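Participant: All chains should be built: construct the whole structure from the sequences, respecting the hints.
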Amino acid sequence: MIAAIASGKGGTGKTTVTASLASVWPEVFARRAVAVDLDVEEPNLHLFLKPEFAGSQTAFQKVPTADESKCDYCRKCAELCQFKAINVLGENLLIFPEMCHACGGCLVVCPRGVLTPGSRDLGEVSWGRTESGGFVNGRLRVGEAMSPPLMRQVKAKVKELYPEEGGDVLIDAPPGVSCPAMNAVKDSQAILLVTEPTPFGFHDLKLAWEAFSPLERPMGVVINRAGWEHQELNSFCESQSLPILARIPYDRKAAEMYAKGHILADISLEFRRIFLDLARDLAELQSGGKGPAHD
Amino acid sequence: MTEITVISGKGGTGKTSLTAAFSHLAENAIICDLDVDAPDLHLLLHPEHESETVFISGHEAVIDPARCESCGQCMDLCHFEAIVREDKLYRVDPLSCEGCKVCVELCPAGAIDFPDRECGRWFVSSTRFGPLVHALLYPGQENSGLLVSLLRKKAREMAQESGRDMIISDGTPGIGCPVISSLTGTDLAVVVTESTLSGRHDMERVLELTEHFKIPAGVIINHYDLNPEVTSSIKEFCHNRNLEVLAELPHDKAFTQAMVKGQTITEYQSDGVGALVRQSWLNIKALAVQIKAA
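Read top to bottom, the protein sequences are chains D and B.
Residue numbering for the first sequence follows our numbering, starting at 9 and increasing by one per position.
Residue numbering for the second sequence follows our numbering, starting at -14 and increasing by one per position.
No wet-lab data here; the hints were simulated from the structure.
In silico SDA-like pairs for lysine to any residue, Cα to Cα no more than 25 Å straight-line: (1) D:Lys84 - B:Leu62; (2) D:Lys268 - B:Leu182; (3) D:Lys214 - B:Glu103; (4) B:Lys238 - D:Phe279; (5) D:Lys167 - D:Ala38; (6) B:Lys73 - D:Glu224; (7) D:Lys70 - B:Ser42; (8) D:Lys214 - B:Leu80; (9) D:Lys70 - D:Pro125; (10) D:Lys92 - B:His64; (11) D:Lys268 - D:Ser140; (12) D:Lys167 - B:Glu66; (13) B:Lys199 - D:Val150; (14) D:Lys84 - D:Gly126; (15) D:Lys167 - B:Asp61; (16) B:Lys277 - B:Ile200; (17) D:Lys84 - B:His64; (18) B:Lys138 - D:Phe91; (19) D:Lys268 - B:Glu193; (20) D:Lys194 - B:Leu80; (21) D:Lys84 - B:Arg102; (22) B:Lys138 - D:Ala153; (23) D:Lys84 - B:Glu90; (24) B:Lys246 - D:Trp236; (25) B:Lys139 - D:Met107; (26) B:Lys238 - B:Leu28; (27) D:Lys214 - B:Arg102; (28) B:Lys246 - D:Gln239; (29) B:Lys238 - D:Gln239; (30) B:Lys238 - D:Glu264; (31) D:Lys92 - B:Gly95; (32) B:Lys270 - B:Asp256; (33) D:Lys58 - B:Glu189; (34) B:Lys246 - D:Arg260; (35) D:Lys70 - B:Leu62; (36) D:Lys214 - B:Leu28; (37) D:Lys167 - B:Asp78; (38) D:Lys84 - B:Pro100.
Just so it is clear, the structure is predicted and the values come from calculations on it, not from any experiment.
Facilitator: See below:
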C-alpha cells in the first residue's frame, strides 16, 4: 500500500504521524514500511526516524546548454519555451537555467543541433534504514524554486530501491494544496489528512479535501491536539463521509517530547495504541472498508 | 515605504496569527496574504471584498479525441508523465501538465489545443485594519510564485496611491517558488520559528535562503518554553549570524482562544502574550528603521 500523509495547513503533525505510523508498522503487519519524505523544501522526517543513511546522490534537472557557434538565431526555441527560460536577443542566445522546467522542447525543435542537455542542481536524494524500515528523502537546494522535479526523482528512487509489489510506502507530504502537495499524494492509494481542531486547521482541511477529492482516493482524517470542541469539523467530516480515524489528544508533555524529536507513538502506551489502531484503520481504508471512494 | 514579510520555513509556527496582530498594530499599512495556497489570514481579518479578479497564468494542453489519431507521440515527448492512455485514447492529466506546449507543437495530427489556464482568483478587500490584498489559488495549480508577485505589485501600487508607508505580508511555509517570490526585494523578513528540532532545522534553511537573496532578517521564537535547550541553540545561531531575536513567545493557549473568536491576539489580550506581541512589533519597526537607514 502507498499512503500519503498530508494536510492543508502546515504544522498540524504530518511528520510525527508519518514517523509514528512507520514505527508501529512492523508490530501491526509483521512487515516493514518505507518512510518517504516528500516535503523536500523542509524535510523533517529524518529528525524523528533518525535513519542510518546508506547513500545519497545529487538530483539534476536537464536544462539546455548551447554551442552558440552553430546557432542561426531562428528563434524556434524561444517561441516554444513557455517559461521564458531561453530567448534570442539580436544575435545572442540567452539561457536562464533557473526558469527551465526541463520539458525538452527546445532540444527537439532546434533545427541545427545547437542545444544539448546540461544540468541544474536540484538538491539531494538520500536513503537508508531506520529501526522499523526503509527511508528515502529529498532535500531541495536552497535557492531552487521548483520542488516537483526533485520529488519525482525521490519517487523514482523509492521504486528503484523497493521494487517489490505490495511493499508499503508511507509518504510525508508537503503542506498546502498546490502543485507540490498534489505531486506528493497523486500516486498514493489512500490519503490521511492531518488537521487540528482550530479555525485555521478546519479551513485548510476543507481546502485539502477539495483539492484531493478529484483523485478519487479514500481519505481519512486525523485530528491532532484534540481537546478543543470543533463541532463544524465533526459535522463536515460526517456530511462528506470522511471518517475520523484518530484523535490525538492535546498534551503539553507530548508537545515537549515532540520538540525534542521524539515521535508521538513513543510518548506513552496510550499514544502508541492510537497509532496501532490508526495503522489498521489506514489499511482498512485503503482496501475499501471505509471511505467515500469505495461506497 | 517599508515591506515586511513574515515567513517560517516550517508550517504552523504562528506566522498568520502574528501577521494578523501586526496588521492590527500597524497604523498605516497595506496587508497582504501571500500564502495563496492555503490562506488563513482572512479568518482573523474578516475582509469585505471590493474587487475580485481571475488569475490566468500559462496554458494547459487538451487533446481533442475527434482529431487524435492515437499515434502516442505526445506520450513519448512528455517529460511530466501527463499523457494518460486509456485503451487507444489519449488524454492529458491536468494535474501533471506543466503547460510546456511541446505536445501541442509536435502533434502530427494537430489534435492538441492549448487554452489559457485559470489558476485562481485574487481580491482587494477592506478590513478593520486597512486594505487587504489576497488570493486563492485553485487546488493543485502551479504558478503560485507568479500570483505572489502579482499580489505584491498590487500592494505596492495601492500603498503609493493611498500614501501608506508599509506593506505587511503573510508568507508561505517552505523555501520554494512562492517563498522566493515573497522575499525578493522585501525590506525585512521576519522568520517565525519554534523551539522544536523541526522548527530550528527549517529556520536554518529559510535563513540560508534570505542570506542567498541578501534579504535582512530577524527571528521570533514561538513556544520558546517547550524546549529551552533548542531555544538557546536558536539564540546562539542568531547571535553568530548577527540576526536579532525580535521576541520569545510562550506556548500559550491564548493564540487559539483568540483565533476561535476570530480576533488577533493583541485584540484578545492586552496583557500576557498580547503584550509580548506588542513589544515584538515595536522591535520589528525599530529593526526596519535601522535597515532603511543603513
